[in-house]
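Given chain A's structure and the hints, the job is docking chain B onto it.
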Amino acid sequence: MKGHFKKVSALLICCLLSLSLAEVTSASRKPIEVVFWHSTSGATGEALESIIKNYNEGPGKEKNIHVNLVYQGYSGTDKVILAYQTKDYVNAPDINQGLTSTLPSVMDMGWSVSAERFLSDSRSKINHDTFYEPMQRAVTYMGEMVAVPFAMSIPMLYYNVDMLKEAGYTKPPQTMDELTEYVKALTIKEGDKVSRYGLNMQVKRYQLVQFINSQGPVSFFGDNEGGRLAPMTKIVAGEDGTLKAFLEKLQDLLDTGGYKYVEDNINEEFAQGLSAMVIMSSSRLGTLDRLMPGKYMVAPLPKVNADDQGGAAIGGSCLSLFDRGDEARLKAAWDVVEYVVSPENQYIFSTASGYIPVNVETENMDKMKAYYKEHPQYKAALEQMKASNPLSQEPLDLTYNEINGIITETMLEFCKGDLNVDQAVEKIVSKCNASLDEYHEAND
Amino acid sequence: MGMKGNVRPKRSVKNVLYQILCLAVGIVIILPIIMAVCISFMRPEEILTKELHFFPNSFRYLENYKIVFSQTRILRFMFNSLVVAFVSSVVRVVTASLAAFSFAFFDYKGKRLLFALVVGSMIIPADVLIVQNYFTTAELGLINTYLGMMVVFFVSATNIFMMRQTFLSYSRSLREAAMIDGCGNFEFFIRILMPSNIPVITTVFISSFVGIWNTYLWPLLVTNANEMRTAQVAVTMLNINEGSSYGPGAVMAAAVIILIPSILVFLLLQKRIVGGIMSGAVKG
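Chains A and B, in that order, give the protein sequences.
Just add 3 to the spot in the first sequence (first one is 1) and you have my numbering.
Just add 10 to the spot in the second sequence (first one is 1) and you have my numbering.
Extracted from the complex, chain A is given alone in its bound form (with noise of 0.2 Å):
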């Protein structure tokens, strides 16, 4: 009976064992989980599915991490900072896709991990050479490149190709006063009314300091190098000239009538012949190859006099990393921004979306060649890129959506004939240093 009693203990002991070990194991099999707030949709989106899918099932496997990729829209880091003022780590993400005017905010959240961590540590797959010196400039702030580059792009002049042929136009303008008289050879008016606009561009925030910017080697819109070296205090751009240069030449192209000052659909009007050139990002190239395949070109941006030496400023999101209290999980999210901007996966989300490949290894690729080959718009933008002084980028203006809205606002009536010049130039500057100041006093 006493031996009987002896084997079953030993029997059970056993059991519990195998059974505790079994949880130990299945516990550390469990994939380290890292969380990707991303804001890509369409054929972009489906590109970065597919790269993460990749990832997934291919080194995610077998270094155990799995990702979890979530669309947030435009709102991704409206949110992180949300979650992060509310101190709720749990459904904050490991990595956020995020434009890199917010670096500022990103980077005042104690939680954020500066880049510059993983790509100064020699174990790290990426470094700073990894990626073209525009892009990481345009990720750098106050001195180290708190991001990695990802979505970039750069604003470029679309023009269709026949309708400049049939103006007796080789080439397309180098100079906003060659675009004035293009705008006027291409325009086409039935009456009052215009049936084809030479140029549609609506100026924001986003175009107004491409122009600045580009009449370089060294022009800024904001103190500190735009803001870079320091939190921007004011803008610049009103002192130094710059910005009236631009709207003087602005005048002249409305002065023309065949420039469309307002965005309605500027993919789908260009598309349909509505406009004979338009200015946007780069990365609408892949919407107009499906839209107008083979019909359109693309040029660099007008320069606002003719020896302007900055050219276009690169701009567009970044990866931004952020530490919940995990190194495990932080390092895991590293490996999957390094597989991410790897040459190629670079080749599949610019391919897809026509955002220029961060990367500078992936122009190298025979695969990428060919598709330049094929694709010469494509070439166009890495070369713009190429050839723009790294100096020349967006500044990180810290009140980025109020800015934007005083530009926006403010253009309209320049455009509209409300405000001359003078009273434009006064407004922007004025407004946006106030905005400047308030942000000042409420957070320094």
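Warning: the hint list may mix true and false statements.
The calculated DSSO-like cross-link candidates involving lysine-lysine, where the alpha carbons are at most 30 Å apart (straight line), are [unchecked claim]:
1. B/60 to A/196
2. A/192 to B/60
3. B/60 to A/174
4. A/174 to A/187
Taking CB as the label site, the calculated pair distances span [said to hold, decoys possible]:
5. B/55 to A/376: 25 to 35 Å
6. B/217 to A/66: 48 to 58 Å
7. A/243 to B/101: 53 to 63 Å
8. B/269 to A/404: 28 to 38 Å
9. A/120 to B/55: 44 to 54 Å
10. A/88 to B/104: 31 to 41 Å
11. B/33 to A/195: 31 to 41 Å
Simulated from the structure, these hints should not be mistaken for lab results.
Note that beta-carbon positions come from the ideal geometry of N, C-alpha and C, so glycine has one too.
Using the frame of chain A, we list chain B on its own:
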């Protein structure tokens, strides 16, 4: 007799003018919806033409609808919206009617102050409360849950105010008679007050259903999973410029699809409003 003869044509002219005005207002309100339906059946080249073009060449062009169903999980999103809007509206009717019952039929210390607080809360913009509401919802562990998406919609000061005003016009002697017959407060509320106030209940339900159905920001804030998104998010997913553009046609198709439940709720419950008003009139 002669006088009567003069009055009638005047009245009928007035009536006709009134009808025309109502019709004109109705057309102005419904025109954008009809236009959205028409655009949803148009090809891109039909939409972006300079000629005035109201109706599509053919209502058989369904590409825009195909894009909506292939590019977004609209049915799942609509299911989420339906759960959120329906449950929140039902709870709103319950909370608003109970609060209004108290404000209209009982006398107790601090009632006026309480009511002033309720009415005062109406002037606080909802956006101001977002951070605090998010904090509370997160603390309660309700992020990524239906309850988290709904909880902020459970009580509405406007609805309490609306129902209180209706209940105030309800005869107090009827309640007293019911009490004499042995009816308790809750029984009076359930069996007499609520059934005889169907129009206001329906109005509250419809307005809150439509309002919550159209909410975009809050459900987006408190959910971090693709399958928990609401119908409004589907429209933003189609309204893109980078990489691919589905054009206004697909956006309008999505808008038309997500409009259907709101219209159905209104059509199904509309008779209740009119019926309720009519029955009240006959009794009165």
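Okay, the hints, checked on the actual structure:
1. B/60 to A/196: This hinted pair holds, its Cα atoms lying about 11 Å apart.
2. A/192 to B/60: Given pair residue 192 of chain A, residue 60 of chain B holds - Cα atoms ~13 Å apart, limit 30 Å.
3. B/60 to A/174: This hinted pair holds, its Cα atoms lying about 29 Å apart.
4. A/174 to A/187: holds (16 Å)
5. B/55 to A/376: 25 to 35 Å: Because 30 Å falls inside the window, the suggested range holds.
6. B/217 to A/66: 48 to 58 Å: holds (52 Å)
7. A/243 to B/101: 53 to 63 Å: holds (59 Å)
8. B/269 to A/404: 28 to 38 Å: Holds - the Cβ-Cβ distance for residue 269 of chain B and residue 404 of chain A, about 29 Å, lies within 28 to 38 Å.
9. A/120 to B/55: 44 to 54 Å: For residue 55 of chain B against residue 120 of chain A, whose Cβ atoms are near 52 Å apart, the range 44 to 54 Å holds.
10. A/88 to B/104: 31 to 41 Å: holds (33 Å)
11. B/33 to A/195: 31 to 41 Å: Distance hint for residue 33 of chain B, residue 195 of chain A holds at roughly 34 Å.
Of the numbered hints listed earlier, not one is contradicted by the structure.
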